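Engineer: These are the residues of each chain, in order.
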Amino acid sequence: MSLYYLTAHELHDLLLKKEISAVEVNEAVFDRIESVEDSVKAYLTLTRDQAMKTAQEVDDMIGAGRPVPPLAGIPIAIKDNICTEGVRTTAASKIIYNFIPPYDATVVKKLAGQHIAMTGKTNLDEFAMGSSTENSGFFATHNPWDRECVPGGSSGGSAAAVAAGESVCAIGSDTGGSIRQPAAFCGVVGIKPTYGAVSRYGLIAFASSLDQIGPFTRDVTDCALMLNAICGHDPLDSTSSPYEVPDFRRCLVNDVKGLKIGVPREYMSEGIDADVRQIIEKAMSLLELNGARIEETSLPHLGFSLPVYYLIAPAEASSNLARYDGVRYGFRSAGAQDVVDMFMKTRSQGFGAEVKRRIMLGTYVLSAGYYDAYYLKALKVRTLIKEDFNNAFEKFDILLSPTTPSPAFRFGEKTGDPLKMYLSDVFTIAVNLAGIPGLSVPCGFVNGLPVGLQLMGRPFSEGKLLQAAYTFEQCTDHHRKHPEL
Amino acid sequence: MTQYETVIGLEVHLELKTDSKIFCSSSTSFGGKPNTHVCPVCLGLPGVLPVVNKKVVEDAILVALALNCRIAEFSKFDRKNYYYPDMPKNYQISQYDLPIALNGYLEIELDGELKKIGITRLHMEEDTGKLVHQGTITTTPFSLVDYNRAGVPLLEIVSEPDLRSPEEARIYLEKLKSIIQYTGVSDCRMEEGSLRCDANVSVRQLGKEEFGTKTEIKNMNSFRSLQKALTYEVSRQIEVLGEGGRIVQETRTWDEGQGITLPIRSKEEAHDYRYFPEPDLVPMIIEREWVESVRKRLPELPDARRERYVRDYGLPVYDAGVLTSTKEMADYFEACLNAYSSPKTVSNWIMGDLSRLLNSNNLEINECPVSPVNLASLFKILDEGTISGKIAKVVFEEMFATGKDAGTIVKEKGLVQISDEESLTAIVEEVIAGNPKSVSDYRSGKDKALGFLVGQVMKATKGKANPELVNKLFKEKILN
Amino acid sequence: MIKKSDVEHVALLARLELTDNEKEIYTRQLNDILGHFESLQELETTNVEPMAHVLSLFNVFREDKVDRHLPSENVLANCPDRDEDCFRVPKIV
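Residue numbers (numbering that gives the first Met the number 0), protein chains in the order written: chain A, 0 to 484; chain B, 0 to 479; chain C, 0 to 92.
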């Protein structure tokens with residue numbers, strides 16, 4: 000087995016046994032990047048020198064007999080909408096193509112405290128707006144399982160990097176499914192933690208009330224390690240929850256006996272691929288076989304989550320993206336007559352089509368005369384959706400669904416029609432609206448393309464999701480398969 | 000001719016003098032090299048988040064209490080969206096439909112009558128940066144932006160349209176300033192921009208219920224320009240209506256040089272701020288215990304203090320009003336009283352010589368070179384007869400100029416009053432010998448002549464002679 | 000129904016300069032998207048509280064303390080146009 004396809008916990012064991020060095024691990028990963036990056040295009044920026052320097056430091060620590068944290072020296076990629084001090088951070092947008100943050104995001108600080116080796120910054124849909132990474136302002140990322148297919152989005156670069164062995168773990172962000180959907184498309188584990196579990200400080204905002212940072216890993220154990228590293232209260236984020244973070248490794252228990260799992264019928268009926276349905280039903284039987292009690296349930300307002308999401312998210316985005324005006328950083332259009340002209344030209348030339356579309360939509364729904372009919376209405380229905388989940392969680396520990404109705408689609412398949420693209424998020428966005436955790440774990444393949452199983456829980460029940468996913472993983476081998484590149 | 004009634008409401012912005020900004024830990028201090036009091040948050044860099052400064056909320060509650068407002072039980076922040084290069088995020092974090100306080104009032108005095116002016120609301124928001132133009136805003140080829148002020152906490156205080164004249168508006172603003180200065184949360188310097196005021200002005204035919212179309216007047220940087228601008232605007236509106244015209248609802252700026260208001264041209268864009276709840280900040284639940292604990296910080300306010308001065312010190316209402324118009328002045332007065340317990344004397348001096356010298360030197364009372372204790376010591380020396388009242392004024396000027404205490408100055412300058420009968424008798428006799436005409440005038444009943452004779456003694460002693468003693472000696476020598 | 004003039008107004012509010020072609024595309028697409036969302040209007044929500052925050056967190060404050068400022072060289076490092084210590088922008092009007 001190649002070093003670059005080992006998991007973080009496997010590598011950590013080998014590092015402690017001194018069978019390998021952190022420098023060797025990172026060299027292996029950067030060699031892998033060299034050989035496959037041209038066909039995957041996961042990265043916008045590589046930080047090899049920085050990674051090798053950290054790797055050497057970790058080797059020195061181990062050599063000196065000092066204890067090292069579980070992720071020390073592990074090559075980890077960061078989505079390029081998360082600020083890294085001194086390392087270009089673009090959100091895959093031309094409007095800040097040259098922005099070098101003077102500060103680190105809180106998650107980046109936390110990971111640096113673990114001595115991770117940051118491999119680089121990964122591609123995404125511009126400002127995380129998209130479901131295929133085709134909206135990147137620079138180039139598209141390819142699905143390592145089929146280069147003709149998209150890796151999903153918006154965290155497509157992070158998912159593809161982990162799947163292709165171009166990093167061991169990665170950080171992404173999820174506003175409507177941007178971690179879980181690409182995790183499903185690329186056959187890796189991805190979790191969107193509870194809103195407020197991970198600090199958003201330093202995450203370039205798309206929709207502030209929905210955005211959350213989370214990890215991509217090759218197995219559930221690594222997912223627990225990553226959550227241990229990034230969760231926790233941050234005084235710099237007012238919406239970060241002051242809760243006690245458990246040691247998620249304790250949740251890696253192979254046991255789902257008596258676990259009550261609900262399967263909302265709305266998820267299993269609407270436009271779901273027959274092959275995907277079969278795989279999900281197989282996963283359900285497997286969990287049942289292990290003692291879980293599975294029952295059908297209902298989330299009556301689930302069907303409204305798409306409109307609610309596509310009203311709230313663009314509204315917040317239209318305001319969050321107002322700061323990109325060419326005054327303080329990033330791109331500025333030359334030759335403007337006056338400052339308004341400069342704003343208009345800079346923003347028109349700097350933003351891509353999807354971003355402009357959402358700014359237009361968001362500005363419209365907030366504008367005088369439409370606020371009540373659209374934005375306020377959406378906030379009210381968001382309450383109803385949240386209540387549906389509350390009701391379901393009175394009866395069930397976990398809700399289960401496919402992460403996406405079908406596997407990865409082909410390039411260009413949905414770019415012509417924004418609505419069609421929006422519909423590909425239909426299974427993931429309700430989790431963001433309700434602020435609950437959602438995890439996607441590989442559960443099979445359709446025509447060589449991975450399929451993801453989505454597990455959803457009560458707020459701050461990440462541990463329970465990890466336990467169920469871990470149990471599922473123990474009796475399957477999907478996570479051990481790798482794409483041919 | 001149609002009679003019009005003026006209707007004015009004021010929107011006041013107040014910079015709070017907290018140490019750090021409202022949503023980040025950058026300093027609020029005024030001045031400083033451009034763009035040095037900034038951090039990623041107040042620069043609006045991608046990815047940053049605001050966190051509310053608790054002191055700002057408490058200061059807002061304090062001011063709201065001083066203005067008799069109802070403090071909200073539940074309040075939140077909203078985003079006000081508009082583009083301007085001095086705004087780092089192109090939205091301002093403000094409060095929209097659930098401000099921290101509502102429904103207050105303050106009382107102003109008009110011709111001896113009290114009038115209640117309603118306060119609609121009070122809310123918290125962040126200040127913008129500053130634009131520097133080369134030349135004027137219309138001629139400059141480019142502008143420079145300094146974000147030091149961006150994120151400095153502001154309170155916006157909106158009055159009801161209860162003000163019926165430019166003078167009332169000025170008095171209201173002065174009263175508001177006085178109350179806020181008492182609370183100590185702001186410097187309230189209009190010139191430095193820590194107190195800013197916009198006005199909504201309209202006129203209506205006398206007796207009509209319905210308001211006329213209003214204009215919003217900006218850029219009034221002193222109390223004087225406020226009254227002047229409003230006076231101009233009111234007469235402009237009356238003139239327009241008188242000629243059968245219509246008032247256009249618009250924003251106008253006060254041009255101090257020309258003494259007129261001018262419409263501010265804006266892009267053809269209706270103001271649509273697209274307010275929505277700030278998703279990066281959580282709401283506030285303001286427990287009554289919290290309000291009560293803030294109330295304990297509330298000092299005695301100017302109205303209460305004035306009443307106390309009238310009641311306890313027997314001062315005239317006018318004098319008490321002047322003394323309590325600023326907290327510093329009243330504090331000074333009371334510190335003086337602690338060392339010298341004659342309210343009338345202290346009050347007269349503060350309102351007279353002290354205020355005169357402060358004004359002519361352009362100083363605030365808290366910058367006064369004469370400490371209250373020193374002023375009291377001057378009164379004591381005066382009472383003891385060490386110096387005369389006339390000399391006291393000289394000594395006071397010297398105290399003001401040098402900051403030295405009264406005793407030292409009297410000693411250094413040899414200003415001790417001459418009360419020694421023997422030496423004064425000699426001088427008196429000399430004056431009698433040299434001015435036979437005045438002596439005979441006085442003897443024949445012309446009291447005025449005595450004044451002249453005493454004056455001669457004062458001249459000879461450089462004012463140091465004890466005037467009572469000199470009077471007595473003349474009477475003895477001439478009349479006996 | 001969103002008209003082209005609405006799109007123009009919104010574009011000005013959002014400070015986006017659109018070509019005629021873009022205006023037409025956005026007019027059509029915004030109509031499509033919002034048309035698809037009409038189903039929301041069927042829901043009865045009179046007595047439903049709007050949810051601005053999914054968290055039940057309140058009163059998150061910081062103490063009034065001054066902390067480190069950004070070093071000057073970092074403040075203007077990303078600035079497209081500057082004049083010594085200031086950001087420079089084209090004339091305002």
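Everything labelled a hint here was simulated from the structure, so no lab data went into it.
On a predicted model such as this, the values are computed, not experimentally measured, just so you know.
It is possible that part of the hints are untrue.
[Unchecked claim] DEER-style ranges, computed between Cβ atoms: (1) A:Glu56 / B:Lys217: 51 to 59 Å; (2) A:Leu418 / B:Asn102: 43 to 51 Å; (3) C:Asn20 / A:Asp12: 41 to 49 Å; (4) B:Gly256 / A:Ala333: 35 to 43 Å; (5) B:His270 / C:Ala76: 29 to 37 Å.
[To be verified] Subject to a maximum C-alpha distance of 30 Å in a straight line, what follows is the list of computed DSS-like cross-link-like pairs (lysine-lysine): (6) C:Lys3 / A:Lys93; (7) A:Lys419 / C:Lys90; (8) C:Lys90 / B:Lys445; (9) B:Lys16 / A:Lys93; (10) C:Lys90 / B:Lys79; (11) B:Lys16 / B:Lys392; (12) B:Lys129 / A:Lys93; (13) C:Lys2 / B:Lys53.
Using N, Cα and C, we set each Cβ at its ideal position, and we do this for glycine too.
Engineer: Against each hint, give a clear statement of whether it holds in the structure.
Structural biologist: Going through the hints against the structure:
no., hint, in the structure
1, A:Glu56 / B:Lys217: 51 to 59 Å, "58 Å, holds"
2, A:Leu418 / B:Asn102: 43 to 51 Å, "47 Å, holds"
3, C:Asn20 / A:Asp12: 41 to 49 Å, "58 Å, violated"
4, B:Gly256 / A:Ala333: 35 to 43 Å, "36 Å, holds"
5, B:His270 / C:Ala76: 29 to 37 Å, "35 Å, holds"
6, C:Lys3 / A:Lys93, "27 Å, holds"
7, A:Lys419 / C:Lys90, "43 Å, violated"
8, C:Lys90 / B:Lys445, "79 Å, violated"
9, B:Lys16 / A:Lys93, "40 Å, violated"
10, C:Lys90 / B:Lys79, "24 Å, holds"
11, B:Lys16 / B:Lys392, "38 Å, violated"
12, B:Lys129 / A:Lys93, "28 Å, holds"
13, C:Lys2 / B:Lys53, "46 Å, violated"
When held up to the earlier numbered hints, the structure conflicts with 3, 7, 8, 9, 11 and 13 and fits the remainder.
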